[in-house]
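Chains as they are written, first to last, in the working numbering: chain A, 54 to 216; chain V, 3 to 129.
It is possible that some hints are incorrect.
Claimed, not checked - Each computed BS3-like pair below joins lysine-lysine, with the alpha-carbon atoms no more than 27 Å apart:
#: 1; chain 1: A; residue 1: K185; chain 2: V; residue 2: K106
#: 2; chain 1: A; residue 1: K185; chain 2: A; residue 2: K133
#: 3; chain 1: V; residue 1: K105; chain 2: A; residue 2: K151
Please keep in mind that the hints were generated in silico from the structure rather than gathered at the bench.
Now for the letters of each chain:
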Amino acid sequence: MSLIPFRTKRSSGMESGSLATLADFRNEMNRLFEGFFSRSPLASPWFETSEPGQWLPAIDMSENDTQIHIRAELPGIDPKDVDVSVSEDRLVISGEKKSEKEASGEGWSHRESHYGGFSRAIPLPESVDPAKVTARYDKGVLMVELTKSPTSASRKVPVLTAK
Amino acid sequence: MVTQTQTTMPATEQPAAPTQTYQPNVDICDLGAEVLLVADIPGARASGIDVTFEDGVLEVRAAVPLRELPGRVVRQEYGIGNYRRSFRLGEGFDAAQISADYKKGVLTIHLPRLAAVRPRKVEVKTA
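With the hints as extra help, turn the sequences into a complete structure.
So this is what it looks like as structure tokens:
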């Protein structure tokens with residue numbers, strides 16, 4: 054829809070028509086791809102999904118020597134509806150996004166947000182200490198901080214020769 | 003009824019802000035007396051959100067502070083950027099009564115219709 058050229062008074066002074074059209078086109082393509090992949094098992098070949106019909110929250114992950122940080126965008130979700138569980142090598146974020154108007158099912162003319170259950174199992178690059186995990190939810194963003202277990206530090210393996 | 007119109011532009015006017023601008027996902031619900039527009043804008047601050055309604059076009063802009071992940075990035079599935087999206091709603095809305103609230107990363111905009119254009123149920127009388 055945004056491919057239809059249209060400029061408001063506000064925007065016409067700041068951007069050229071061709072630039073705006075290009076930006077629109079790029080965004081529309083991104084949206085198409087996002088929509089396709091986020092609803093498909095191809096979304097992440099090495100991240101496990103759980104049930105069909107569930108949606109996958111997008112995540113960012115980083116690590117340093119001692120910690121792993123995972124951030125997920127979960128707008129509109131009550132923190133008490135989010136479940137974060139961790140084992141040595143895997144973090145699972147699951148929960149449900151409820152729609153206040155969902156029950157009536159009436160009046161929605163346009164829907165782009167995901168509703169219902171979600172679950173995502175994220176293999177961790179290194180094993181972590183399940184006792185040292187913190188999760189914080191703020192303004193629709195979940196931040197999980199994991200501490201690597203000391204035993205996970207890389208270890209030199211001696212190569213034995215056959216007798 | 004609601005037509006999405008102008009969308010994004012490079013966020014060049016705010017050098018300190020993220021360089022990308024994204025369109026938020028929205029749900030639109032027509033409740034008759036008002037139209038509800040619900041936009042996912044995770045990570046924004048309420049003070050950084052601008053909602054304007056001018057000439058029948060509703061524009062939502064939100065500044066999102068950068069959230070740097072500490073350490074080396076292992077996986078990045080979404081970008082952090084500002085949000086901007088416009089919707090051509092047409093006239094017939096009471097601009098003075100438009101209200102918006104921001105909770106849990108979701109912006110909800112209430113757009114009340116002018117009384118004159120609200121749908122009205124007509125009673126059918128029998129002879």
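Tested hints:
no. : hint            : in the structure
1   : K185/A x K106/V : 26 Å, holds
2   : K185/A x K133/A : 20 Å, holds
3   : K105/V x K151/A : 14 Å, holds
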